[in-house]
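Undergrad: Hey, can you piece these two chains together into the complex? The hints should help.
Just so you know, the protein sequences line up as chains A and B, in that order.
With this note's numbering applied, the first sequence has no gaps in its numbers, which climb one by one up to 316 at the end.
With this note's numbering applied, the second sequence has no gaps in its numbers, which climb one by one up to 1521 at the end.
A portion of the hints provided could be inaccurate.
The list that follows gives simulated cross-link-like pairs (lysine to aspartate or glutamate, DMTMM-like), each with its CA atoms no further than 20 Å apart [as the list claims (entries may be wrong)]:
| # | chain 1 | residue 1 | chain 2 | residue 2 |
| --- | --- | --- | --- | --- |
| 1 | B | K1448 | B | D1291 |
| 2 | B | K1182 | B | D1148 |
| 3 | B | K1140 | A | D49 |
| 4 | B | K1133 | A | D87 |
| 5 | B | K1140 | A | E39 |
| 6 | B | K1133 | A | D49 |
Chain A stretches covered by chain B per the calculated footprint, using a threshold of three residues with CB under 8 Å from any CB of chain B [unchecked claim]:
| # | region |
| --- | --- |
| 7 | 28-42 |
| 8 | 79-91 |
| 9 | 155-166 |
| 10 | 243-257 |
| 11 | 261-268 |
Don't read these hints as lab results, they were simulated from the structure.
Backbone N, C-alpha and C fix where the C-beta goes; we use that ideal spot for every residue, glycine too.
Here are the chains, one letter per residue:
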Amino acid sequence: MKMSSLKAIGFRAVRSLVTLLLCVTLVFVILRAAGDPSEELLPPETPPDIRQEYRVQWGLDRPIVVQYLNFLSRVARGDLGESFASDLPATELVMRAIPKTILLGGSAFLLATLIGMSLGVTAALRHGTAVDRSLIAAAVLGYSMPVFFLGILLILVFALQLRVLPSSGSSSPVHLILPTITLALPLAGRVARFARTATLEVMGKPFIRTARAKGLGQLAVILGHALPNAMVPLLMFFGIEIGLILSGAVVTETIFAWPGLGRLLVDSVNMRDLPVVQAVILMITLIIVLSNLFVDILHALLDPKVSLARTLGGAG
Amino acid sequence: MYSIKRRHFMQGAAVTPFILNAPFAFAADGERPDFTVAVAALPATLEPARELSNVGTRVTYSIFDTLIRRDFLGSPDGGGSELKPHLATSWERKSPSELIVTLRQGVKFHNGDELTAEDVAYTFRDGRLRGEKAQIPGGKAYFSILSDVKAVDKYTVRFTTRVPDVLLEQRLASWCAWIVSKRAYEEMGFEGYSRAPVATGPYKVVSHNQSDATVLEAFDDYFLGKPTAKRVTFRAVPELAARVAGLVSGEFDLITNIPPDQEAVVGAYQDIDVRSVVLANSHVLVFDTRDPVLADKRVRQALASAIDRQKLVDTLWLGSAKVPASHNYPEYGQMYVEGRKLPYDPERSKALLKEAGYNGQKITYRTQAGYYTNALEAAQILIEMWKAVGINAELQVVEGAALRGPGSQVFNWSNSTRLPDPLGALWVAWGPAGEIQTAGIWEAASAKAFDDAGRALEAEIDPAKRKELFVKMLDQWEEEAPGTILYQPSEAYAIKRSISWRPTTFYFMDLRPDNLRFAQS
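Excised from the complex, chain B in its bound form (with noise of 0.2 Å):
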């Protein structure tokens, strides 16, 4: 019997290194590699609006192009923000709601067609990502704010938006911004258009299976140069084992979401590089605002001081993730707050208590179990730190709904910036149009000083006004304490050491010709 299995192992070893060294093997022209990414899951579509999320992003990034580029990597931290010419070569402000863009000549589309401005105008036309019937609602989010896209002439496109809008800019260069291209957005339909898109990325599609892999090939005619790789594939490997095993082996070239306490068995390896970057993100608590005992915002605060928050990031993160100077991050450039800090001090939780005439009620946290990385381990010493200042507080671990169903007091969540600016990230996580409010657990008159600063800030164009306006958010966000941050966390991945790539804070993975080079054999 043995002999047997030990037969076909043989059998297999003698084939194996030829067909595992098929992928590496250079090109009949002797230059380009191919360059194959194992990931936890594969997008449902390649149709960029639709698939949001970030193993949907990480994909559609190197197929698409927006107008606008925001320069990632121009931050020694993955989260830069400056912006800079891509498909467009300029663009001027006419009014505070009018932007003229001036498109790149010569561009072409993975068919051979040219860009031209109606192709622009196609993409962000009403019926796809705004306007009642919008194709993707999940657009409405970013470019509602739209009342008119026209093309002015072959390469000029006029943005108009129903009120003064700073971000437009920024809106251009992100989420829900790829370009597609009308003619086989028009001939292939929806449906056909997400399973194989045609646009003007790096990577053309080649094919595309969920729950196998995303194969994509260079596309030479690229407007930035010819890529690097000759074909990505991104190839679904939920089980970390099994995608570390792949790295090591040779099969895989990089690998994505390997959990921190993972990072050093993998670093181990001499020829893997571990990279990682604190994500644009932050794992928040909600406090239930209408709760009888959370009603006093003094227990609130006192709640949130009591978090050490370093603590976590040393000991759950390995000083991988960070703490941010309260929901301000440094890529909101002039807005951004310098000096700021979470409060963490158990005295005055103490005192708060007190004052708040506080005696034990219990207090319970729920968090769901998987979702959010180190959730579970998180909550456990909130409560230990809880306990510490005198909070009778409880953990419960429950399934999605329930986390925000009847008898929910504290319970957990996340803020993405999703544009450098206080209006992507708190105005839309925590405004009266985010989920929080809606639902009521934020009370409308805690909130509204926070809304009235927001609203204001919402017109303002004044640079110096608007930060005004911004500090004034937080104070009251912070004073209200509907929640607090507990922390940013951080992604990782595992590279073959000789290639170069580096990571952005969003999931989008940059591996156009400046950001992907392989070591010259």
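The following block holds chain A by itself, in its conformation from the complex (with noise of 0.2 Å):
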């Protein structure tokens, strides 16, 4: 690797850094600024005498600087802190809940990609045709489809009406159906529209008709050629995607009762579990940040007219 290209990581590295403690440090002031958590932890009988007790106990009856420079100092030693619900370390239960994130994530990514990948380049091939115009008008209904209405009427249906699936919990691969596919349709719908256009862009190169010329069939054109290009682009939006799939996460755990990372940063905040809030919020941002290093990093290894050090920004 080149030296300009370490340089582009390292500087990128830094820039994630700061990222990151700009998002902790706005959840902080946030969630502090949005009332006292002893309000929602404790019932609301509680004698003021005992709720002061537990605000000594949760550091809350210290200026908030101070309560701040003691996170920062903390977190730079990898401790998260407590729940103040249940006193179990924060990072723990952030752990517990991640492979689940990652499992329904990755399936309905996976399922997303399926689905809109076929729909977009299918609807590229037929370019202004009557299918054409019927795959992306099902598109647009796939990804202005709320999480929650998708997820709703899926239960309703499946459920409710038909009873053949499970409508929530995460004890058997059958549970996982109807929030995969809750989360995938809507991006399964921008995804096919991405695709569509990447698709058309690359059809109209020049190597494409050489491809045509030199005898090659259809399908070896659109998977020897196509294809290949028109991934680049859509490598980039995916590393977008995996922000809106999180983001999805939240509600669509909500709605199946799916007990990943969306799930818990709900619950806590609605509890005002402070430490686990920003827990999660700080893994939710490690992800989208290391995730979009990635992307950056196989494109400009995918893609020899991109060097390193542009894509990752920083270089002389």
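TA: Okay, here's the thing in structure tokens:
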């Protein structure tokens, strides 16, 4: 690897750290401005002196600046604090939830890619026809459908009316089906539109004409020449989508009682369990920052026209 | 594309019945079914004194027992307050501040140990629920009154209170009084025990994950007999539609938190029954006596008597909630004052306002949007009721802390009847140690007569005199009007019709063999 590339990666790492710090600080300030956690964590008739005792125990009686500095120094040592509600380390709670979110997000990602890519490429190849128009209409419908609406619709049809699929929990692979579809359909719609545009652009390029001219069949042209070239912009698109999948998971996991990161976030925000909220946000930010970094590096590796230094920024 | 999706579903359809039915399959010995409850949320831990919220007690009530059992179900409304032997077979007052409790012999903990007086003394020891450095500060609200708990012999315990306490037996049958295993607690430590407690209840802990499920298993050596379900699973399902769908599809046997406007929808399914109960709790309004406009008690009285409470119950709760007879509830038994009523008299309100010289100053009512069921709807109606008697009322929807922040005049709150006595409800909420008086919202001068009567009640043990003092407190509370009651809300559960189970007026879910029965198949 070239020196400029290493420098670029270093620059990006620093920038990522700053992003993390900003994110965490923002969350810290907003959560504390949003009210006293003891109001939510303790029963409403808790006597004031007992309430105060808990506040001292949780360190909420100290000035916010002191709380913030304490928090930062602990984070630097890898200690995200303990949940107010359960006293379990926040890291442990996050680590317990992550595999579930990865499973759900991963399968939704695969399903969405499968559906979206085939729809998008088919639409591009039938450009301007009724097939193209109806596929794109379907894609628009897919990505403009709110996740909570789609999720409840699926529950009504498959759990309540047909009674063929379970509506909540994560105890078996069958439980994965409805949340995966819910999370995947809007994404599939976006992938389809993007894949269509990317394919259309590539199909007009001279090298496709050359490939056709040398007698390759339609399938070979698409698989061998069009798709690999269309992949580059798609890759960038997927990098951004990871963040959207995570935000979709917040709603999907709540609807389907899927015990992942999104549920943990919603629950801990509701309870004002600040250490857990901070740990989840930190983790989500980390996932997004790292996946973007990964996509950028991959981009440079895949596309010879792009230098790593230029993608990552910071090159002189 | 369509065919792929369809195939996907068809495969799911083929497999699902097997998986879905697995939880209901009868055990190999051909007797007890599993029981799955979908709840809106689960507690963080299972240490019963740490988890005093509705979501906590709902689960821990099946793992733990108290010395004395409050017989909720002895009353048709699920709010009975008679006391019955449980882990204790008898109890005797030695003096107004001393109680001797005799334990049942042969009661087993989930780990096989026998329950002894040592476990009881450990449960109530200084440093857990009481004392300067209590592990669980929340326990102090119930047991800081204890000065000593001693094991006299293997099956006898002596409880001593700082001052005479008529409520001690009720305390031992209620909040925070769940008996823990001394050996398990010491071996596992506070945190370990909180996650997988060992107790004497009908079900023992298999696993607990707050965001997923709490799984319990029948404890066959339970002293009240073999539990009727083989396994009880409390599953966290925050979304109402998913809870209902799971109940209809057979995934769940019972679901909690059905809002009033959904009761009819859910109850329309043939094999599902909605069972609702009026809670031992009242939604109340607080009037800030420090406010210049509300400083005149006639204005506060006018606010209270302008409210048509029955109309709120009939429209918002479809009749399932209840207007109580003031801060005075039937579960008080002898202390219940018959024939009291909350005022509803718009004409009197108008007269009071005129007398007080009220001339249209703004009165703002603050509420949170989603904290109490129907709070926002009730608020909108209240504003109109107040306007109808000439009050210039305005609604403000705020977040938690702002409710009582600067400029607050009227806001909503709730009072639970934790113990079936005025000292366990009215006095806790509105007395000098409660948050309204400590925050100065009800000013000392206005509260004085009420406080005097309450303090006398604390020290009194003669039933007739106690009742007299309670009437005095009620009169003062209504006269000074630092607030008023709206109604007692209801809570609804939906359950498979074939299962026999009754709810209580607390969120405690009683799954003991005498309250949970399955139809023979």
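Undergrad: If a hint holds in the structure, say so; if it does not, say that too.
TA: Hints, one by one, checked against the model:
{"no.": "1", "hint": "B/K1448 with B/D1291", "in the structure": "18 Å, holds"}
{"no.": "2", "hint": "B/K1182 with B/D1148", "in the structure": "17 Å, holds"}
{"no.": "3", "hint": "B/K1140 with A/D49", "in the structure": "10 Å, holds"}
{"no.": "4", "hint": "B/K1133 with A/D87", "in the structure": "17 Å, holds"}
{"no.": "5", "hint": "B/K1140 with A/E39", "in the structure": "18 Å, holds"}
{"no.": "6", "hint": "B/K1133 with A/D49", "in the structure": "13 Å, holds"}
{"no.": "7", "hint": "28-42", "in the structure": "holds (count 6)"}
{"no.": "8", "hint": "79-91", "in the structure": "holds (count 5)"}
{"no.": "9", "hint": "155-166", "in the structure": "holds (count 10)"}
{"no.": "10", "hint": "243-257", "in the structure": "holds (count 4)"}
{"no.": "11", "hint": "261-268", "in the structure": "holds (count 4)"}
The structure is consistent with each of the numbered hints, conforming to all of them.
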